[in-house]
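Chemist: Position chain D against the provided structure of chain Y, taking the given hints into account.
Taken in sequence, the protein lines are chains Y and D. Plus 550 on top of the position in the first sequence (first one is 1) and you've got the numbering used here. Plus 12 on top of the position in the second sequence (first one is 1) and you've got the numbering used here.
Worth flagging that the hints you see were computed from the coordinates, not collected in a lab. No residue lacks a Cβ here, since even glycine has one placed at the ideal position from N, Cα and C. Certain hints may be false.
Per label pair, the in silico range of CB-to-CB distance [as the list claims (entries may be wrong)]: (1) R244(D) x D695(Y): 57 to 65 Å; (2) T572(Y) x K402(D): 55 to 63 Å; (3) P120(D) x G693(Y): 27 to 35 Å; (4) T901(Y) x G299(D): 44 to 52 Å; (5) E957(Y) x G299(D): 50 to 58 Å; (6) D638(Y) x T256(D): 32 to 40 Å; (7) D695(Y) x K402(D): 12 to 20 Å; (8) P566(Y) x T376(D): 38 to 46 Å; (9) G251(D) x D638(Y): 42 to 50 Å; (10) T572(Y) x T256(D): 45 to 53 Å.
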Amino acid sequence: MNPGGAISKAAALLAPLVSGRTVLVAMSGGVDSTVAAALLMKAGADVIGGTLKFWDCDRDGPSAEAQSPGRSCCCLDGVTDARNACLDLGIPHYAVDVAGDFESLVRGPALAASEAGLTPNPCVLCNRHLKFGSLAIFAEGLGIDLIATGHYARVERPGGPDGPAFIARGCDPAKDQSYFLFALPPEVLDRLVFPLGTYEKPRVRAMAREIGLDVSDKPESQDLCFPIGRAGALEGHGRGRAGRLVGVDGTVLGRHGGVGAFTIGQRRGHGVSHTEPLYVKSIDPRTGDVILATDAGLYSQGLRAPLLTWFGMPGSGRVSRSEGYSALPDGPFRAMVQIRYRARAVPATVTLSTPPTETNESGGCPGEETTTCAVTGELRDMVAEVRFDDPQRAVTPGQALVIYDRENEFVLGGGWIEKEP
Amino acid sequence: MKRIYLDHNATCPPSDKAIDAVGWAMENLRGNPSAAHSEGMGARKLIEGARKKVAHMVGAFPREIHFFSGGTEANCSILTSTALASLGNLSGKRQKSPSIVISSIEHPSIVETCESLARIGIETIKVPCSPDGTILPDAFAAAIGPSTILACLMLANNETGVVQPVAEVSRICSDANVLLHVDAVQGPGRIPVDFKALGASTGVISAHKFGGPMGVGALYVRTGVKIEPLMRGGSQERGVRPGTENLPGIWGMAAACENAVEALSGAGFVKVHRDKMEELLLEGVNGLRINGRTAERMPNTCSATIPGIPGSDIVAALDRDGFSISAGSACKAGSGRASHVLEAMGLGEEAACSVRISLGPATTLDEVEAFARVFGRTVSRLTRARERAKS
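This is chain Y alone, in the form it adopts within the complex (with noise of 0.2 Å):
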């Protein structure tokens, strides 16, 4: 290999982090992590390659995504990807069946969350339970204890090699990852590595050049690999209610055959004609009424949402879980919030509180009486109140919303969006 190559000179930079380590580098089969497990290979680290099989196909059949061209997908083919990556690479590679648990803590509750009217994120639950939550049980009962993917992200310790680590965003802005890495469990943090978060995708590719990999045809493992929202409705699953298309001036405009299919701002699908373009602003799951407006009609001031994770302020001592919340800053403070994945960043005031008990009306949360979350069913106790700076076009309630410190650095924590009362 060329020693000054772009592999070897990234794998000096991780070396003092892993060589002489064990790391369980999760593979797809994807050029990232193909790229990712060689760079650790470089730097000195012991690697096995583990690969989560979300999918029974012995059971099932190939899944409906195996079998759509150029979709990626998590069964047979994506275990066999990852496996013959590994086989090259010579490492050895495991699959972990993780079936089960990505039906009941991904899949499902993405599903209701679709048939709610809400927007899921079914990759932040993924990321959360599965690929940082049951591989990392799998590694730790191996005995290994440093786990990597090739996310386009970073761990850093902005208080310094003994303060606590946050989730940063990656350097290849158009890449960066870290908006679905906010609900890691905070614990799983020390124990993270992300090989390419330094790098760009042009640069990451030419290291795959250096070690053969053919770079070209793979599609890329982030497609969302089972279908939701409208590609889903169509194929029934997660289709919910069906009902009317109204205006904001409650007039009926017509009728669709399911809320899941829509998503807030949406322009298509709906079928209805206007003089200017119509969005869906809104979705009520219960009457199955599907609310359009024209642009100016889908700016919000600010949004609500429960957390499922906060990690601290950099710069403050880390909060640990199980000390509650204790470190929470005091009164509204300055961040940069993301409310989907494919939006930039912009500045707010945050507003964090530990609500008693209440009854949320909201909607976004069916009928619950204590705030619990509608998407994944779990109990939170901390509330973020967003305040934008200027209007923020079709806020999606089951989207995330992550707030990021000032500087657009630190993912601080997140929390699904709620719907507006």
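Modeler: Showing chain D alone in chain Y's frame:
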């Protein structure tokens, strides 16, 4: 690190005799056994010599042995050709669907072939299994009826090692005038396999399970039993299995038969080692259960359930430490699917928390003791990891 291989039911590493035989055949045999010249005759002589050896091992006449590509092909072939023949015999007047009676613990090559035959109107009746892993002859008798065209009962189960009451069931079948197919793939080298004494109409063995090469097996067809071939395109193997014979494989299989006969005489030692290992496992792991322990079993197999820990995690962790075992049977390895055999024995969810350890003729006492130690440590570590995650 020297690895210790304890997955002999998945495959038995080839014996030196078999390796030499395969190599020798490839170097020295230069003709198609069906050809009418000297090279052909030389090859033909070899096959017939091999046939004699295989027949001798299983209590058959040489003409009753037909070479196939393995157990799976032979199983599928018998089931499918019998099914097709039965449909051909119905003259338009169909009273009841023809049925095949199989035990609920057969190998997937039997189970899945039967499932596929539903499409052409063949019903499959599965005889339930008792909790100790044996099929009860009475249950078999109850399942057989006037529309039964074939029955299948394996000699010894690949996952649990439990030996089935084949001789008794074959009497039931012959009284009812029903053919009995016996999958004896796991038997050679561990327990006596005598198709004649068992009363099987047809039977199957596979070379790589007793130290022969992969890709070759044999179908036993008792004299007088007529079967339709599934494949067409030649008259090799008396028309039962056309296609140019796998000469090197067949010669390797014959050599392995000698190994199997030797191994059988050492089966007592294997049992001692397996029993000692089970004792250590039971002592060392809280809550561990051995499936089928009270039944008659092959001397080398141990199916263990460790409640709460997925078998595949144990397999992976032990692999890291140099030990090879399996969770569920090898064909399904990596699929995470729970064993239908253990489910038939009533294990429910715990079927997925099970592993299979299968010793070989050369496995030593030291090796199984080392294994039991590491197994205990591994289960502790896996248990702690899960408990920590829950808290």
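Chemist: Now look at each hint and say whether the structure bears it out.
Modeler: For each hint, the structure was consulted:
1. R244(D) x D695(Y): 57 to 65 Å: Given about 59 Å between the Cβ atoms, the range holds.
2. T572(Y) x K402(D): 55 to 63 Å: The hinted range 55 to 63 Å is violated for T572(Y) and K402(D), with Cβ atoms some 24 Å apart.
3. P120(D) x G693(Y): 27 to 35 Å: holds (33 Å)
4. T901(Y) x G299(D): 44 to 52 Å: holds (50 Å)
5. E957(Y) x G299(D): 50 to 58 Å: holds (52 Å)
6. D638(Y) x T256(D): 32 to 40 Å: holds (35 Å)
7. D695(Y) x K402(D): 12 to 20 Å: The hint (12 to 20 Å, Cβ to Cβ) holds, given that D695(Y) and K402(D) are roughly 19 Å apart.
8. P566(Y) x T376(D): 38 to 46 Å: This hint holds: roughly 44 Å between Cβ atoms.
9. G251(D) x D638(Y): 42 to 50 Å: Holds, since G251(D) and D638(Y) (Cβ atoms, about 45 Å apart) stay within the stated range.
10. T572(Y) x T256(D): 45 to 53 Å: For T572(Y) and T256(D) the Cβ distance comes to about 49 Å; the hint holds.
This entry does not satisfy hint 2, going by the numbered hints stated previously; all others are met.
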